[in-house]
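Asker: Okay, here's what each chain looks like letter by letter:
2 protein chains.
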Amino acid sequence: MTRVTVSAMDHHGGRPRAERARALADALRQQITDDAFADGVLPDERDLGRRFGASRNAVRDALALLREEGLITRRRGVGTTVLLPKYAHGLDRLTGLAEELTGRGTVTNEVRVAVEVPALPAAIASRLEVPAGAGGVYVERLRRLDGLPLSLDTSYLTVDVGRAVLAGDLRDRDVFGLIEEAAGARLGRAEVAVHAVNADPGTARLLGIGPGAAVFALERLTRLADGRPVDAESIRIRADRMALRATLRRGGPRTS
Amino acid sequence: MTRVTVSAMDHHGGRPRAERARALADALRQQITDDAFADGVLPDERDLGRRFGASRNAVRDALALLREEGLITRRRGVGTTVLLPKYAHGLDRLTGLAEELTGRGTVTNEVRVAVEVPALPAAIASRLEVPAGAGGVYVERLRRLDGLPLSLDTSYLTVDVGRAVLAGDLRDRDVFGLIEEAAGARLGRAEVAVHAVNADPGTARLLGIGPGAAVFALERLTRLADGRPVDAESIRIRADRMALRATLRRGGPRTS
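Chain order of the listed sequences is A and B. Residues in the first sequence are numbered from 1 upward in steps of one, following the UniProt record's numbering. Residues in the second sequence are numbered from 1 upward in steps of one, following the UniProt record's numbering.
Note that these hints are calculated values from the structure, not bench results. Heads up, some of the hints might be wrong.
Unchecked claim - Partner residues aside, some chain B positions facing chain A, computed with beta carbon under 7 Å:
1. ASP26
2. ASP146
3. GLY147
4. LEU148
5. ARG245
Claimed, not checked - Computed far set for chain A versus chain B, every beta-carbon distance over 12 Å:
6. PRO16
7. GLY40
8. ASP44
9. LEU84
10. GLY105
11. PRO121
12. ALA164
13. ARG173
14. VAL197
15. ASP200
16. GLY208
17. ALA239
18. MET242
19. ARG250
Built from N, CA and C at the ideal position, the CB exists for glycine as well.
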């Protein structure tokens, strides 16, 4: 049998090296997220080149991109290792962070603000379907996974649910669990919009990343089982530590 | 009746102005994505301040953030307007871009590469569950919405499906539709991982954004109805033009 010996990336041959490096970085980023490297050690440059049919220079450029993203570290004699595990938060069902990361690390929360407010910003009141004058509860938490910042969560809660949440253990618990205990029922659904933005300097400082680093900005409106919205959140998530994952089905129902 | 006159954002009072600006920017970004401003014109600074209970300075800082993100433009005498509509691509079901944006604009594709390749990169072959030597088809397209770059899509397809896609109208069609025509059946499901990264200079140039701008990097593996994977994609999406949207349900089944 004749073996095909043409390099797997020869079709990139005429393309700028930067594009070949980007393609390789994409594949490696996904493998890091899938926890594909035993002990977090990446193969050496030669081996990576063979696996991906890429030149040594393209491999180096790809690793440089991943280092800039904060995913890997390279040390002489030690090689290339994954700096921090990258977790995939499911967008398949509604879960809190600690719940989602059960068994993968300890989530702790620095409660920066937790107060009842006499009036809600108009845009928030409208999302929560209450008059601004009904007031509510505002909670801001810096969430850490195994001691390192992961996300900055800000929540506006309706006043009834919010008061119960204020009385709960905001340092160690997901807000979702506290809401469900207060309501005596499971949550229903949430509408989520995911944005990618460059971190402003203040957020970057809190999250321990460089200013301008790409982060997720999630807007999430969570409802009780009866459909009533109770929690309007804005969440900044470090994109070097977390990816979002979903399984999409063809021809499934479109939910508005 | 006594009206509560305390500012809705007084609980931010002691916080750095940057944090109040970020909260306001978050609310406005979401409203832009929801197409909440008639004719794309934002209220003036005074009105925004009133609506959000925010100081004029915080309003100005928030608008500066959104301008840096490329969402709005500000002109003396005209005011603040949405620069480009921001679309929300559903993560609820599996749809192609043109399909998703039906009625909202015209998607055209610049086909940069469309070739059969004799061997696949090992990481891609493994995702597609074929030997690397089975070869495949590589397609790279710069996708535009109403003439402006929206995403850079790279696909590795299995050789059987890929050949049919190569024979199809890659300039004007979604790959999904071409696959379904070739297979004579609907697609099944896709696993998607969403990353946020800073655009490398080459990608930034192609997409018409500044180097380092936050973009989505999607890895999507699409399967036929019988479960066989046929399309492994890496997609860069301009985050100033698109958000991702999902509805999450509590206690729903976890799909792996």
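Asker: Would you mind marking each hint as holding or not holding in the structure?
Answerer: Hints, one by one, checked against the model:
Checking B:ASP26 against chain A: minimum C-beta separation of about 4 Å stays under 7 Å; hint holds. A least Cβ separation of about 21 Å between B:ASP146 and chain A goes past the 7 Å threshold, and the interface hint is therefore violated. Among the interface hints, the one on B:GLY147 is violated; its C-beta lies about 23 Å from the nearest C-beta in chain A, farther than the 7 Å criterion. At its closest, the beta carbon of B:LEU148 sits 18 Å from a beta carbon of chain A; the interface hint therefore is violated under the 7 Å criterion.
About 5 Å separates the beta-carbon of B:ARG245 from the nearest beta-carbon of chain A, less than 7 Å, and the hint is met. The Cβ of A:PRO16 sits about 6 Å from the closest Cβ of chain B, inside the 12 Å cut-off, so the non-interface label is violated. For A:GLY40, the requirement that its beta carbon stay farther than 12 Å from each beta carbon of chain B is met, with the minimum near 17 Å. With a minimum CB-CB distance of about 15 Å to chain B, A:ASP44 clears the 12 Å threshold, and the non-interface call stands.
Its beta-carbon lying about 14 Å from the closest one in chain B, A:LEU84 satisfies the requirement of being farther than 12 Å from that chain. No Cβ of chain B approaches the Cβ of A:GLY105 within 12 Å, the least distance being about 19 Å, so the stated non-interface status holds. Once the 12 Å rule is applied to beta carbons, A:PRO121 is inconsistent with being away from chain B; the minimum gap is 5 Å. Non-interface call for A:ALA164 relative to chain B: holds, since the shortest CB-CB distance, roughly 18 Å, exceeds 12 Å.
Consistency note on A:ARG173: stated as away from chain B, and its beta-carbon is indeed over 12 Å from all of that chain's, at 16 Å minimum. Not every beta carbon of chain B lies more than 12 Å from that of A:VAL197, the smallest distance being close to 5 Å; the non-interface claim is violated. Remark: the non-interface label on A:ASP200 conflicts with the geometry, its nearest Cβ contact in chain B lying 6 Å away (cut-off 12 Å). For A:GLY208, the requirement that its beta carbon stay farther than 12 Å from each beta carbon of chain B is met, with the minimum near 16 Å.
The beta carbon of A:ALA239 sits about 4 Å from the closest Cβ of chain B, which is not more than 12 Å, so the claim that it is off the interface is violated. A beta-carbon of chain B comes within 12 Å of the beta-carbon of A:MET242; the shortest separation is about 9 Å. Once the 12 Å rule is applied to beta carbons, A:ARG250 is inconsistent with being away from chain B; the minimum gap is 4 Å.
In this structure, the hints that do not hold are numbers 2, 3, 4, 6, 11, 14, 15, 17, 18 and 19, in rising order.
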